[in-house]
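The sequence shown stops at residue 228 when you use the numbering used here, and every number in between is there.
Certain hints may be false.
[Claimed, not checked] Straight-line Cα separation of at most 27 Å, DSS-like style, residue types lysine-lysine; simulated pairs:
1) 128 / 213
2) 128 / 91
3) 91 / 213
4) 213 / 105
5) 105 / 91
6) 128 / 105
[Said to hold, decoys possible] Derived DEER-like restraints, expressed as beta-carbon distance ranges:
7) 153 / 53: 25 to 35 Å
8) 111 / 152: 48 to 58 Å
9) 108 / 62: 47 to 57 Å
10) 199 / 68: 36 to 46 Å
11) 9 / 50: 21 to 31 Å
Just so you know, the hints here were simulated from the structure itself, not pulled from any lab data. Where a beta carbon is used, it is the ideal one built from N, C-alpha and C, also for glycine.
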Amino acid sequence: MADREYSESSDRIIATEPVEVRRYAAHTRINHWFTAILIILLILSGFALFWPRLFFLTGIFGGGQNARFLHPIFGVVACLSFLLLFLQLWKLNLMRREDVVWASKITDLLAGHEERLPELGKYNLGQKLVFWGMFWLLLTMVASGLMIWQQFFPDLVSIPVRRWALLVHSIAAVLSVLVIIVHVYAAIWTRGTISAMTSGNVTGGWAWRHHRKWLREVARRQDSPPAE
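Work out the full structure, taking the sequences as your base and the hints as a guide.
So this is what it looks like as structure tokens:
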């Protein structure tokens, strides 16, 4: 079997009509949606505790005391869940030369002239930035969150450090929400992306148009030519 540079071992071309390509295995999809649900719960509980006007959202969790107890637990579990995705996908999200070319042609992308874009692996630059952005923001929120988690770590840091940690935690949380908004918008804008994370498959045409290097590698591993 050829070495994998742009694909996972579970990626494969499916002989259907029209041709489909397996993009995400079941465990990847389950992990993704599990992490997404946890992050939504984190956002709701975090905003409810941070902004008094949103305190009513604590009712979702059975009140303010429950929300305060559950919020850090959601954070730890979400970080561990994302860590599994990170260990699985980090190599595919490393920056490459074609990403620089892709960024220089962003106007062609926005204008719908994707034929002018370079061939890409499994992920484009935007997806990679979301991936790495969430990785570093989650690490920041976990580290700062431990410093302000008084229930279990009351004496971990001094009060002045805890205040700074709360500020850093809040900024990272707002930035992560912005990253998630970009992620969701891009997934909706690029038709076929959301269904790929629900069914696991994309059409051969979609793969050829958006991630041609990935498709070529999958086809080469199966000793079959990629179909447009």
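Consistency of the hints with the structure:
no. : hint                  : result
1   : 128 / 213             : 16 Å, holds
2   : 128 / 91              : 10 Å, holds
3   : 91 / 213              : 15 Å, holds
4   : 213 / 105             : 17 Å, holds
5   : 105 / 91              : 24 Å, holds
6   : 128 / 105             : 16 Å, holds
7   : 153 / 53: 25 to 35 Å  : 29 Å, holds
8   : 111 / 152: 48 to 58 Å : 52 Å, holds
9   : 108 / 62: 47 to 57 Å  : 51 Å, holds
10  : 199 / 68: 36 to 46 Å  : 38 Å, holds
11  : 9 / 50: 21 to 31 Å    : 42 Å, violated
Against the hints set out earlier in the document, a violation occurs for number 11 only.
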